[in-house]
Amino acid sequence: MAETAIKQEEAEMQKVAGPWKEAWRGFRKSKVAVVGMGIVIFFILLAIFGPLLTPQGINEQNLSQRLLPPSSSNWMGTDDFGRDILSRIVYGARISLWVGFLAVIGSVVVGSILGILAGYYGRWVDTIISRIFDIMLAFPSILLAIAVVSVLGPSLRNALIAIAIINVPNFGRLIRSKVLSIKEDEYIMSAKAIGMKDNRILVSHILPNSMAPVIVQGTLAIATAIIEAAALGFLGLGAQAPSPEWGKMLADSRSYLTNAPWTMIFPGVAIMLTVLGFNLMGDGLRDALDPRMKS
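Here this note's numbering is used: the first residue of the sequence shown is 57, the next is one more, and so on.
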């Protein structure tokens, strides 16, 4: 009897651990998602600890060794100023991840606030916010980012702000649709019936129950933000020289595609792998957190 009671208590504790533990279990079952998480962790560790292991400084020039192919002394070769490409890619990981995470965090915060207000209060509040989202979504995202950077001025910080702005409608509409379905649930109606204030309902009940799709969308949005930052850097509107941002490195290497292709290949591969990792991990999170994807 005692053993049965203990087992029942353990079962109850597992139920309390609930959805997140179950989601992690489902995430681990997807080998593709685990590979994506491994790629993301690799680049995060590279950004944190890689600069301690790089053979040269990111701006250390040696014109006598310019455009050297990959070798034992320069694993990824050198660029047109004789700078070690490996060192610059490692530092570039720090820049790209920093832009991706901060831009998405900004988008999530602003988009969540606007989406919750639009979905919960409805009427004219919903109309105004939704029309703003529609106007922003009417423009191609990269063109809107270029317009914002053109107004603010070309720099990495302004590129980050532009990327955050263009992603706000995506999170805002996602949260709005989730709030519209949640606010009619019985526990929300009960909270209103006992006199709970709107701000407490929003923070304690609606926001936590709206986070699952935001986590998935946020993971995928980081990949998009990294591509957009690279695109702005490639166009000369993002990071400025001599910053080792991957898009800027691609732009600086255009003239050497035929005689020194490694100057473009390695930054391009770094962008591709980072984006692939976040996309694979986002797909795995979607399958793990979406009840409709579970058998």
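No lab work stands behind these hints: they were computed from the structure. Model, not experiment: these values are computed from the prediction. Among the hints, erroneous ones may be present.
As the list claims (entries may be wrong) - Straight line, CA to CA, 20 Å or less: simulated EDC-like cross-link-like pairs of lysine to aspartate or glutamate:
1) LYS85 - ASP308
2) LYS253 - GLU240
3) LYS87 - ASP343
4) LYS87 - ASP339
5) LYS253 - ASP241
6) LYS77 - ASP339
As the list claims (entries may be wrong) - What follows is a set of in silico ranges between Cβ atoms, one per label pair, in the way DEER data are often shown:
7) LEU208 - MET267: 40 to 48 Å
8) PRO125 - ARG81: 57 to 65 Å
9) LEU313 - TRP131: 15 to 23 Å
10) ILE250 - LEU101: 18 to 26 Å
11) TRP180 - TRP131: 32 to 40 Å
12) MET267 - LEU313: 14 to 22 Å
13) THR183 - LEU313: 44 to 52 Å
14) LEU101 - TYR243: 24 to 32 Å
15) PRO125 - SER206: 35 to 43 Å
Every residue, glycine too, gets a C-beta built ideally from N, C-alpha and C.
Just pull the numbers of the violated hints for me, sorted ascending. Numbers 1, 7, 8, 10, 11, 12 and 14 - these are the hints that the structure violates, sorted from lowest upward.
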